[in-house]
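Participant: Listed below are the residues making up each chain.
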Amino acid sequence: MPSRPVLDVSEEEMARARLYNFIAALLSRPPTQLEIDVASALSGDSSLLGQALTRVATAARATSVDDAADAFQALFIGLGRGELLPYGSYYLTGFLQEKPLARLRSDLGRLGVVRDADVSEPEDHVASILEVMAGMIEGHFGPQLTLEAQKMFFNAHVASWMPHFFKDLEENRTSPFYAALGCVGARFLEVEEEAFRMI
Amino acid sequence: MADDKTKTVEGEDRRGFLRSLGVGAVVGTAAIATGAVPAAAEEEPAKEGTGYRETEHVRTYYDLAKF
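Chains A and B, in that order, are what the protein sequence lines are. The first sequence begins at 1 in my numbering and counts up one residue at a time. The second sequence begins at 1001 in my numbering and counts up one residue at a time.
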């Protein structure tokens, strides 16, 4: 396999990828004990994002695997539907699988990203999009994508709706753990938006 | 739009910005003693550019452990 061109990806950029992956992992399925342990051990600095990470850690320490599984079920699965519908199309149009999903698929196609055959969720699930952001930074889809390319994707498919979703998650009354995670997501996207403005 | 020199300066600004707003906070705090982490030794399978897997447990654990 030919070696891929590697951009100079600083520790800060890789930290972004880890945050994207971290949030995606916790939104794609109920957490394992290991994931709860890892979340429990986080400690943030005094920034807004850092405080949010500390809040997740505190909430994680008070959460069992069973609690988290119940909360995940209530929030995202539910009977019929969960309290929240974490899909871009829903947030942008009020309906699932509408035009925003088609636009996302088209952009993913250009990036060479295809949905895994085992996955039935539409691609505009919050966790999928966050994983794509991480993959663009880490170079999972071939060469790492430039910040300009990341910015275009971010503006089209993240900034357009995800802050609203994270606000809803932060305000949920079912689970302090997921509320704290919503806070992390919201604060992180604010930082991302601001940082993309600099390029 | 920007020449290389400007870009470098912008890159430094950006890194400082990310760090100051807490993204840097997750840097260097890797030392989480989770003996349970299925060691980074478990190599991620080599992937071609088109592969996209919704849930990559190994990668996720590995990435989480790096916090």
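These are calculated hints, taken from the structure and not from any lab test. Predicted, not measured: the structure shown is a model, and the values here were computed from it. Among the hints, a few may not be true.
If you want the footprint, here are the derived chain A segments under chain B, 3+ residues with CB under 8 Å [said to hold, decoys possible]: (1) 40-50; (2) 184-193.
Quick list of the computed label-pair ranges, beta carbon to beta carbon [said to hold, decoys possible]: (3) B:G1016 <-> A:S43: 30 to 36 Å; (4) A:R110 <-> B:S1020: 44 to 50 Å; (5) A:N155 <-> B:S1020: 20 to 26 Å; (6) A:E193 <-> B:E1012: 17 to 23 Å.
Just so it is clear, CB atoms sit at the ideal spot from N, CA and C, and this is done for glycine as well.
Participant: Could you run down the list of hints and mark each one as holding or not?
Facilitator: Taking the hints in turn, this is what the structure says about them:
1. For the stretch 40-50 of chain A, the stated coverage by chain B holds: 9 residues have a C-beta nearer than 8 Å to a C-beta of that chain, and at least 3 were required.
2. Beta-carbon proximity to chain B at under 8 Å applies to 3 residues in the stretch 184-193 of chain A; the threshold of 3 is reached and the given coverage holds.
3. The given range of 30 to 36 Å is broken by G1016 (chain B) and S43 (chain A), whose C-beta atoms sit roughly 21 Å from each other.
4. Separation of R110 (chain A) from S1020 (chain B) is about 33 Å and departs from the stated range, judged on CB atoms against 44 to 50 Å.
5. Roughly 23 Å separates the CB atoms of N155 (chain A) and S1020 (chain B), a value that falls within the hinted 20 to 26 Å.
6. Roughly 20 Å separates the CB atoms of E193 (chain A) and E1012 (chain B), a value that falls within the hinted 17 to 23 Å.
When the structure is compared with the earlier hints, violations turn up for hints 3, 4 and for no others.
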